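For chain A, the structure is supplied; the task is to place chain B on it using the hints.
Here the protein sequences come in this chain order: A and B. Note that the numbering used here gives residue 87 to position 7 of the first sequence, counting from 1, and the numbers run on in steps of one. Note that the numbering used here gives residue 119 to position 117 of the second sequence, counting from 1, and the numbers run on in steps of one.
If you are wondering where the hints come from, they were derived from the structure by calculation, not from laboratory data. Take the hints with a grain of salt, since some may be wrong.
Chain A stretches covered by chain B per the calculated footprint, using a threshold of three residues with CB under 8 Å from any CB of chain B [said to hold, decoys possible]:
| id | segment |
| --- | --- |
| 1 | 198–206 |
| 2 | 328–339 |
| 3 | 342–351 |
Model, not experiment: these values are computed from the prediction. Even glycine gets a Cβ: it sits at the ideal position worked out from N, Cα and C.
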Amino acid sequence: MAQMRRRVFGHYGIIIGGAVLAIIFAIAIFAPLLTPFDPILDQDLAQKLKPPFWHDSPKYDPAHPLGTDLQGRDYLTRLVHGARISLLIGFSAMIISGVIGTALGVAAGYFGGRVDMIVNFIITTRLSMPVVLVALAVVSLIGSSLWIVIWVLGLLIWDRFAVVMRSTTMQVRNLDYVAAAQACGCSTFRIILTEIMPNVVNHLIVVATLEMAHAILLEAALSFLGLGVQPPAPSWGLMISEAKGMMFFDAWLIGIPGAALFALILSINLLGDGVRDVTAPENRN
Amino acid sequence: MVKYILKRLGVAFLVALTVSMITFSLIYVSGDPAVALAGEAASNEEIEHIRKSYGYDRPIPVQYMDWLGRALQGDLGRSHYLKEDISHVILTRLPNTLILAGCAIAFALTLSIPLGVAAAIRPNSLIDRFALTLAVVGQALPSFWFALIMMFFLGIQLRWLPISRVETWQGFIMPAIALGYYVTPGVMRLTRAGMLEVLQSDYIRTAKAKGLRPLTVLFKHALRNAIIPVVSLAAVQFGFMLGGSIVIESIFAINGLGFLAWETIQRGDLPMMQAIVLVLSLFYILITFLADMLNAFLDPRIRVT
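So here's chain A without its partners, still in its complex pose (with noise of 0.2 Å):
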């Protein structure tokens, strides 16, 4: 155990991912209480496209720190509103996928034969269908909201969790102590929970970590193309997509909301890299 504690808090993906993962959660725990302004309400035209601290201008109003937007809303404001809706879409898809695709990589993995040939069959016809297309697609013909996007994403996205628990969980299965559990004469049920989950789990969170990423990545570029999130909300990718034509002149608008992201992306991504170099069997003592 204190061995365990040593590899964690000396692996510099873990505290740095860790670190600026904690930090983004408290920030959208906080958003309210972070800034005085409403990310949606609090608009005022005059104030419109106010510059951030960085550039030296004398239109910049100490209010604002990173400035504000076409419709004058404080860009502080909805930056860290936008993490709410990034970590909430993020873990909710992940959460959906993460049981469809669980599901049906262990039946796989532990049943074989007829059950493994028909999920096989599930996830080449999923991987063949493109995902963007087909979330742009549905989310187009039955409307977008929060939800829908997130239920849409969670549907689509398990391919990943499916093939990784298939082939764990066929190395686990020939395993002595499950064919002791077996001989024990233990239901199925209670051998995958007790004996099988528990030796997947690791590559579970891996999983996890790389496709929460994705859906956060994917709400992004939907909410980018106008068929995530809708407007006003202050989604990271519509803030990109807003401010798209004012490249020329206010690149910031751009910068801010993409550099978030991709520090949010990273840090997940950082996390999830290092739960898998402390936990890999092969590192063991």
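Coordinates of chain B only, in the frame set by chain A:
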């Protein structure tokens, strides 16, 4: 080998059939396609008229078989918006997307395979660290943001490259990088891992002991074996790029299938939407099939089992 090809072909056919069913049912996702087409202001008679003229009043299996039968003959129907043959529109737009995805995968492979090999030759060296950093950063960059940043610096500030609606080869540079960089981390990691494993194998030691030149050992003996999983990954990624180019094409206004898809979705042109999803899926199935064949050719063990 023949048995393997036939088996793989059968799976590809079944997947294509399933995909066609899912694609067909896309128009029923929103409920009644006639209502969706007619728009919100339409009267009941107008909706009925559209339902009859497009054949939405027939039983769904009949509609599906009819649609599939025509699609097999290359007739994907007419676009509601453009009033043109869908097959014709897709064929005129397809080359741009293929060129873009081809350039993107070429960019990704020429960057990631040498980096992966170099990183594997000297693990934990400076170049290995550099490659790893590049991979971690690359995986976290949103492609549309990266595209805009490139546009800003290379197109607007430095004026080196054209930023949109381009017909020349220079116009494909930024889009290809924006589409391709996302693949480099995965390919590089796979190349590195494969090379590390292969370089420790007995036959590499034998080849070295025979006194072969190090470069011959590296490329002819090691890389050929390490590259096999990379072929599959590259094919899969190429397929994803065809579908993923929608974001990049709409940013750079490249007149390809992705841009067409974006326009189509905004117009609510259902038959065109179906056709694009179907064509891109079939391309993916074809590419992964060809990659499996190439792998079977490279690695005899796959053919036998």
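Results of checking the hints against the structure:
1. 198–206: holds (count 3)
2. 328–339: Coverage by chain B holds here, the residue count being 5 at a Cβ distance below 8 Å.
3. 342–351: It holds: at least three residues are needed, and the segment 342–351 of chain A offers 5 whose Cβ sits within less than 8 Å of chain B.
The structure is consistent with each of the numbered hints, conforming to all of them.
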